[in-house]
Amino acid sequence: MKKAVLAIAVILLAGLTGGCAQKTGVTGDAPPTLVWYLPGDKQADVATVLDAANTMLEERVGARLDLQFIDSGSFTQRMQLNMASSNAFDLCFTGYINPYAQAVQRGGLAQLDPYLKDAPALVDSVPDYAWEAAKVHGKIYAVPNVQFFAWGVHAYTFKDLADKYGLDPARIKTVYDLEPYLEQLKTNEPQMFPARFEMLEDALNAEVYKQLFSVGLVALFPEDGGVDFRVKSQTDYYKKTIADIRKWYEKGWLRPDIASVTDDSQDLNMGKYGVWFHNLKPSGLSSDSEKYGREVIAMQLQEYKLESTTPLSTMIGVGNKSKNPVLAVKTIELLNTDPAFYNLIAKGVEGKHYTTLDNGHIRYTEDSGYAPKADWKFGNQFNALLLEDMEDDVWEVSQRINDEARKTPLIGFSFDITPVQSEISQCQSVISEYKSALSGSIAPSEYYAAFESKMKEAGVETVRDEVERQYKEWAEGVN
Amino acid sequence: MKKTEAFRQSVFAAVFAVICLAVLFPLILVVSVSLSNETEIVFRGYGILPRGFDLSAYQYIFKKPMAVLNAYKVTATFAVVGTAMSVLLTSMLSYTLSKRNLRRKNAISFYVYFTMLFSGGLVPTYILVSQYLGLEDSIWVYILPCMINPWYVFMMRTFFQGIPYEVAEAALVDGANEYKIYWNIYMPLSKPMLATIALFLFLARWNDWYTAMLYINRDELVSLQYLLQRIMDNIALLQNSENMRLNIMDYKDVPSETVRMAMAVIVAGPALVIFPFFQKYFVKGVTVGAVKG
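As given, the protein sequences belong to chains B and E, one line each in that order.
Just so we're aligned, residue 1 is where the first sequence starts under my numbering, counting upward by one.
Just so we're aligned, residue 1 is where the second sequence starts under my numbering, counting upward by one.
Just chain B, with the same shape it has in the complex:
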């Protein structure tokens, strides 16, 4: 019996030490491999891309790269676990998933300021407002991936429908100009829903929202010499919005089951909506037309503006436990400044994963085994090769709109929700309780008073005061 126990112990020990030996058994001279966690589907042929990329990276930076794709849907949680455990990854995506503020707060990302001093080309490649937005308590923890940051709500419709009902897109300046068109759709296209609810609020408030930034529970109106903080649900424009939504609903321009719809992606994809609202990117119309299989037109309802949170939606950070932060930042610099390296990672190997056409644009090879199709994951998108359906000057135009867009005065201010977490979640549950009313199925006169008092009870004014307090604190620190 004793012998058996001893034997088991020996086997276990052997197993443990064996395991350790494997992990630490790296030869001295080989360049370190940087692990980079990215959201997205696994790419079958990642090896070919890495082979080519690593030749470049070894020469220029002295490191190798390992791309680890994790499903987008579980990326946030996986990264939280990776940051909480002692996983020494080097690079990771942070932004709209694996949220930047949270990742910094949990101590998952390395502070980059000391390394950025030695990476001037990287600092130059990202506009100042984006760096400013990336600051958390004055320090930078991730590099924004430059892309089309501007936002201006547009109304979309199908060209054949517009022609059929005599809609002249040039004459549409506000969402209210669309009303006759919606009525025609309602009468003559009974199988369709005239308008989509998503972002209708933005469209109805295009003028107000032009001025207004960081819309959450609290509306911030920039004024001369400061900002006016108001509870959004108490503002006049909000009351007008719910009245308008009610009108749209009663007219039958919105789908009758709007309150219970959770996922209408297929309705949108199959062209069941006559008019829908979204931002418009340069070259966006041609890819939309291809997607719907019908020509799509867009009518601008709002000037482009730039919110402080947008540059934070796509970033690359360095893991706090990374053993090679200097090399990691150098790699980010190469991704942002060397189009050849960037395109290798973002698009794959020429001839294998894509082919270059006569005009210099590229076409993806089908089933090539490497097509992440998301430039914004990998670095500065304005270095990306142009796809077939893009205009030649798409990046120049994008850059120009970014630069010209009205910038929020809040850039660099990040709201820490922790002190009012419970108030915010209570307000959110009040809003979801009133979801069907707020989407038009009940007249505002019947529910607004009750809704308003519940919001007050839930502490919406406390949230407003906290935003104001944090903003003033921040503004004093800046000046």
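Please note that a few of the clues may not be correct.
Per label pair, the in silico range of CB-to-CB distance [unchecked claim]:
(1) B:S429 x E:L122: 19 to 27 Å
(2) B:A475 x E:K64: 53 to 61 Å
(3) B:A30 x E:R104: 51 to 59 Å
(4) E:I148 x B:K42: 43 to 51 Å
(5) E:A107 x B:H137: 31 to 39 Å
(6) E:I28 x B:V261: 19 to 27 Å
(7) B:D168 x E:L122: 54 to 62 Å
(8) B:T462 x E:K64: 25 to 33 Å
(9) B:D177 x E:L29: 39 to 47 Å
(10) B:K42 x E:R100: 52 to 60 Å
(11) E:W151 x B:S429: 30 to 38 Å
(12) E:L272 x B:S429: 33 to 41 Å
Partial list, derived from the structure: chain B residues whose beta carbon lies under 7 Å from chain E [to be verified]:
(13) K42
(14) D71
(15) Q191
(16) D263
(17) D267
(18) K272
Hints listed in this document are in silico derivations from the structure and should not be mistaken for laboratory results.
This one's a predicted model, so the numbers in the text were calculated from it and none came from an experiment.
Note that the Cβ used here is the ideal one computed from N, Cα and C, for glycine as well.
Given the structure of chain B, go ahead and fit chain E onto it with the hints provided.
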């Protein structure tokens, strides 16, 4: 008298018929939608009969059948192996705990019970499983953690205690040792209970997507439910990113309604087939633990 009895019967029948329909209706809808034409679904809504009979959803999924078939293989493997090992280990522990002459019985029971009250939490569990046990990206991660569920241990112990002690005593007198008593006497006597617990365990494992989400990076080890969950997660993410006014996401990569339903049919199908086989034992088994032990 007879008349009121018949009336009561028919009321019961009607109530149960309604409940049955309420359960069946969503299932039938899922199957019907999966066999429908996408355009018809969007423009005319769901129907109890397929709208514009169309197999393209299944064609789409089976165009690249490896992902689904592989996930089937993985899920079937860990569900069967995991359930078998779980039932075996749980019953061995419960058998021991059911013995009257076991020393330190209360201490051991408490040790098992304690895990029902407290757990390590997500992060420590993750660190333990992925770094100390090294189970990340291995089929064993589906099987080994939570092999023994204390809840079922106590259910089984109660059942074993209900078997008259004299049976074991008689076997002992005839020269059987504990292993023999456990395997040849207690186990056969406990079939309905074992089958019930096996069914619970099997369904729990069959429906498990969380493990795959946390620990699996290699596509060839993804479980069946996670294939489904992944689609739903990605849709939720799209919705969310639209609310956040991002410029990056696109609806065109979302699978169509019919494909989603076809996936659900493919994934749920086998569990539906297995269930009736266990039903015989199931009814007997649910009363396990109902009698005070």
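Checking each numbered hint in turn, tell me which of them this model violates, lowest number first. 4, 5, 8
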